[in-house]
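**Student:** If you want the building blocks of each chain, they are given just below.
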Amino acid sequence: MSLFQAEPFLIGLKEGAKLSIAFLVVRAYLLGLKREWLLWFSRLLVVVLPILSGLCLFLPVTPKTQSYISLSVGYSFGLLYLLSLGFLYSEARGEDLFGVLSPLIVNRVTLSAFMVIAGALFVLPDLSGSLLYVKTQAELKESLGPFLNMLGAFGVSAFSLYFLLKNRSERLVSLVGLPQCLLVLALIKLIGGGTRGFTELSLIPSVQKGLMKLIHDIVHQTFVTLMVPDHPILKTTTWNFIGILFGERVSLWLSLFVLFVPLFAFVMSYLNSPVEVPEGIELPAQRRKYKRQIKNKRLLRAVPVFLFMALIVINWFAQRNEEITRLYNPEPKPVVAEDNKVVIPISSPGEDLRDGAVHKFTVDVKGEDIRFFIIKRDDGSLVACLDACEVCPPEGYAQGEGYLVCLYCRTPINIQSLGKSGGCNPIPLKALITDRDVQIALGELYRKWEFVKTKHSKSTIKR
Amino acid sequence: MSIIEVQSLRKDYSTAAALRGVDLVIEKGQWVSIIGPSGSGKTTLLNIIGGLDHPTDGKVFVKGTDINALSEDELSVFRRENIGFVFQQSHLIPYLDATENVMLAQYFHSLPDRKEAEEALKRVGLGHRLTHRPSQLSGGEQQRVCIARALINNPSILLADEPTGNLDRTNTRNVLELLRRLHQEEHFTVVMVTHDPYVTEWAERVIKMEDGRIITDESVSG
Ligand SMILES: Nc1ncnc2c1ncn2[C@@H]1O[C@H](COP(=O)(O)OP(=O)(O)O)[C@@H](O)[C@H]1O
Ligand SMILES: [Mg+2]
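These protein sequence lines are chains A and B, in that order.
1 is the number of the first residue of the first sequence in the working numbering; add one for each residue after it.
1 is the number of the first residue of the second sequence in the working numbering; add one for each residue after it.
Treat the hints as calculated values from the structure; they're not laboratory data.
Bear in mind that the values here come from a model prediction, so they are computed numbers and not experimental data.
Think of the CB as a built atom: it goes at the ideal place given N, C-alpha and C, for glycine as much as any other residue.
Fair warning: there could be bad hints in the mix.
Some residues of chain B that are not near chain A, with every Cβ distance over 12 Å (derived) [stated by the list, open to error]:
| # | residue |
| --- | --- |
| 1 | E27 |
| 2 | D66 |
| 3 | E100 |
| 4 | V206 |
Sample of chain A residues facing chain B (criterion: CB under 7 Å; computed from the structure) [said to hold, decoys possible]:
| # | residue |
| --- | --- |
| 5 | G280 |
| 6 | L283 |
| 7 | P284 |
| 8 | R288 |
| 9 | K291 |
| 10 | R292 |
| 11 | K297 |
Can you build the whole structure from these sequences, using the hints too?
**Tutor:** Now the structure itself:
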């Protein structure tokens, strides 16, 4: 066995780079503030936080802890992003986020607390996620090799980047205010926040999925509530409309839009908001000069924000294709009905319904090819659903990691939530699940498939 | 308090010397006329004081700054923040109207501000000519636009080289009266070069030059 292991090594490089780049940006911001003690405090944090995240190694490695950590990476990205929007907003309005309370709130204690929180949000989820992932590898190989590889690479990239870029980063001082600083942290997380090694280096696919789902649900709910049920004109056109809305390309742009609109709006209002000239400056030319200086400063600070957007766009599209090819979409296996029901053995040679993969079947009923699938949920139970939902044309679902994706609208569906009906959830099938097989009545299959084909009622079908 | 200090200034050209040792101190807020025959070095002196030209020898201090020690960039910042120029030829941009010509100076200084530019034109009596192009203005009006433009960034020094050289008596008088009013209101320092003794009547101090040297320097009580 060789000493060098590429995956943990790369993970180490990635985490080291994230930490040192983040620290350099924070440092540039703090240098601009000219508060020595904050700088010292940040140095303390950059040492203490990684050590703290090492504590996660005492956690048991279960899919549950891993999915919690994945979630916390996503949420911490969201929080940093929202925080930066908040501060950008208050800067754009030319007022302090805390208004009159700011002298009470902004003191050493709260500033340090804020730094601890922002730092913890940035460092802990990602690093502990990566550490846990490497721990699973170490357990598999029963050696400390993966850890050593990761730690070595971490040290190398953290220190070399720090010393390489240290002097350059000092030129960033005029570019970063607090919102820019937080935004860069969020960006680093977004681009490099994956915690599953090679399979997920970046957070973008999951943020993409989350945003698409959010938009999809909002739009879907709006339509469902706005629509007069069963109105003959609305019926076909509306579904077509929703179809266009959730075509692959549109949803991609829509979710980018959701991420960017607030950012863009804040930057524009930040750039355009009037400059308050202080009392003492009276000559018109002096006042103009003051305004000019402020505007220049704002323009400089808008640069990292636009850079942030550009980087997201680039990565967004770079990640997308990769994601689609990663999906698992097996050919449906033809089955034959007997006694007006289909019976599928749980375990047959070459196939086990409980292996976690999606198992697709097709059955001929009255000349219709009806597609359905059976899959094991996270809690171990089996569930059967049509390979179609109530909303989209029945293109079916493919499987990603821990979720199914509607091939038409790309909405991700959590596997554990299968069996719920409505919206873009696959339509659940009543099935008799015994120790040996899964039995589904043909009538059930036919009735629900007919609904999919005609969509003759917009109210959710009864189970 | 002196605002301009010139020490043993020389300017040599290959053919001849334009300035042969000039020493001069100008007080803040003074209105100084420099008069002399054509070729006596007036323009050369004014350009060196304004940082548009470099001396062969000697020093120029403007507001305490040795302007020849500044880099080109520093010098142009220094100029646009401290000095306004008016020349005999108006140097207005022909395809911009009066207001826009003034706004251009604001733009190079900091930010354009139309309202402020219009106010400035009203103060030089051109409220009715705001949107006229230079070609639609008389010589006197053009020179007023130039004055508004020169003063728009609140300079502490106004350098004027034959500003009335192209104007008839009436217009000369009007422009100088206007300048006197602004000078009294805003207290900037005026250094005005002329070959016309009539123009020196508005000055508090008259310096005569000949052949690159100062020959007389007298204060006049207005
Ligand atoms: N660029 C130049 N090259 C050569 N000689 C010049 C140049 N500029 C001015 N001179 C000469 O320097 C002298 C002073 O010129 P100037 O300062 O323009 O005089 P004034 O403004 O008093 O008429 C003149 O003899 C003129 O010919
Ligand atoms: Mg001349």
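**Student:** Work down the list of hints and note, for each, if the structure agrees.
**Tutor:** Verification of the supplied hints:
| no. | hint | in the structure |
| --- | --- | --- |
| 1 | E27 | holds, 21 Å |
| 2 | D66 | holds, 23 Å |
| 3 | E100 | holds, 16 Å |
| 4 | V206 | holds, 30 Å |
| 5 | G280 | violated, 15 Å |
| 6 | L283 | holds, 4 Å |
| 7 | P284 | holds, 5 Å |
| 8 | R288 | holds, 4 Å |
| 9 | K291 | holds, 6 Å |
| 10 | R292 | holds, 4 Å |
| 11 | K297 | violated, 13 Å |
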